[in-house]
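Asks: As a plain string of letters, each chain reads:
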Amino acid sequence: MNKQNLYERYQRQIILKEFGEEGQQKLLNAKVLVIGAGGLGCPMLQYLAAAGVGTIGIVDDDKVALSNLHRQILFSVNDIGKSKSEQAASYLKRLNPEIKLIAFNKRITNLNALELISDFDYVADGSDNFATRYMMNDACVLLKKPLIYGAISRFEGQVAVFNCKKNQYDEPVNYRDLFPEPPKENEILNCAEAGVLGVLPGIIGTMMANECIKLITGIGEPLINTLLTYNTLTNETYQIELTADKKNNTLIPKDETSFREMNYEWLCGPVSKEFEIDSSVFNSLIQQENIDIIDVREIDEKPDTNDFNYLKIPLDELEKNNSKIKNDIIVTFCQTGKRSVQAAEILSRIFKDQKKIYSLKGGIIEWKNQKKDHE
Amino acid sequence: MPDCLILQMRYMEIILFGQLRDLAGSNRISVGVVTDTNDLQKELNLKYPDFANTKYAIAVDKKIISKTVPLNAESEIALLPPFSGG
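Chains as they are written, first to last, in my numbering: chain A, 136 to 510; chain B, 547 to 632.
No lab work stands behind these hints: they were computed from the structure.
On a predicted model such as this, the values are computed, not experimentally measured, just so you know.
By construction, the Cβ of each residue, glycine as well, lies at the ideal position given by its N, Cα and C atoms.
Warning: the hint list may mix true and false statements.
As the list claims (entries may be wrong) - No farther apart than 27 Å at their CA atoms in a straight line, the calculated lysine-lysine pairs in the BS3-like style are these:
#, chain 1, residue 1, chain 2, residue 2
1, B, K613, A, K381
2, A, K349, B, K608
3, A, K503, A, K473
4, A, K473, A, K496
5, A, K382, B, K613
6, A, K217, A, K166
7, A, K152, A, K301
8, A, K319, B, K593
Said to hold, decoys possible - What the simulated footprint calls covered on chain A by chain B, stretch by stretch (three residues with Cβ under 8 Å from a Cβ of chain B suffice, anywhere in the stretch; the number is not a length):
#, segment
9, 174–187
10, 256–268
11, 288–299
12, 371–385
Please model the entire structure based on the sequences and the hints provided.
Replies: Here is the structure:
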């Protein structure tokens, strides 16, 4: 498209003197990753794409369902059953062919998050669960990426901007300065239980797009160090000042390796005891024929064992190498039993009820110790 | 009626958000004046036992607190649970 057409597309915002051609150029140069193409993601994506954000990534592994359509306004009945990220990207491409849209039709996890985020300048979280929210927060803290936060429940929404400084003396605030630790099961209702009025994510998602555009272009006062709440029933807004607290940072993984080892699903929900088996069950299982035992540690991690046959598939390669798994019973193990629970969760998402999946509790170290005790 | 006046002064108002509104059946509640946020939580748990099983942040005078802070009858207190929906 020629320069005149570009000018025409954005003319109404370029003539704002605070915004101008400079603001437009900043948007075109910006790269924003939107987590979730759901209730918050749809309006956010629509406005960011329309405004001319140059590169937009969309992460969502979900498919469009009929019950989404009352609030996820990028989709129509023809999209039901199709990938949200891909359908959203194709709609937005028609809206604005001048920008780059990248659909990531996968679930964001602590194994791929850092890699995904590092290609973008800003992250906007419109996810629908605490595990992803805490994970995105921690990832953005580690990579020092500005995070535009929004969340909803029933008739109320929250918006804030994290990991940004108002001035050079400020300590950046993150989600853990507001809610240090995730609620446990039953402490908070999830969206499916609580319900949501369709227009609410429309309002909050649009506020998030607004904050994102303000941050990119440097206009106005973004909600840095501030939580804004909005109530659709009363139209009340309430703003609260947030302060960085060093003790909350100790809850965040200290580096990228410990981030990859953190089990966010476990942190935010009931402990997945369903997968865990102890050494005695493990010993009886390894006698069976129709079983795949998988070492999910990195290739060079020790100790090895000759006591049983096993596959070596590191945790972060499990998803793409799942075709190596042939048998109906799977047992995962690692050093201490943490990564193997994550592996079991990943495998149960892939195979659903088709296979029985277990994780060796305590890991290979405890198993070896117990074996030694019996000898 | 000086006694009534004194009695009135001894309540503090708390603004509720999210599911706390449903648990209390109201957007705002009052409790007797307490000296700090620690005592406030004890008082709330007595008066509203369901609050004890709910996670929320406390804001005093529109600032999130991360440790116990003193309160008085004029303190503006808000209780905000986290939301996960998107």
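Asks: Enumerate the violated hints, using their earlier numbering and listing them in ascending order.
Replies: No numbers; nothing is violated.
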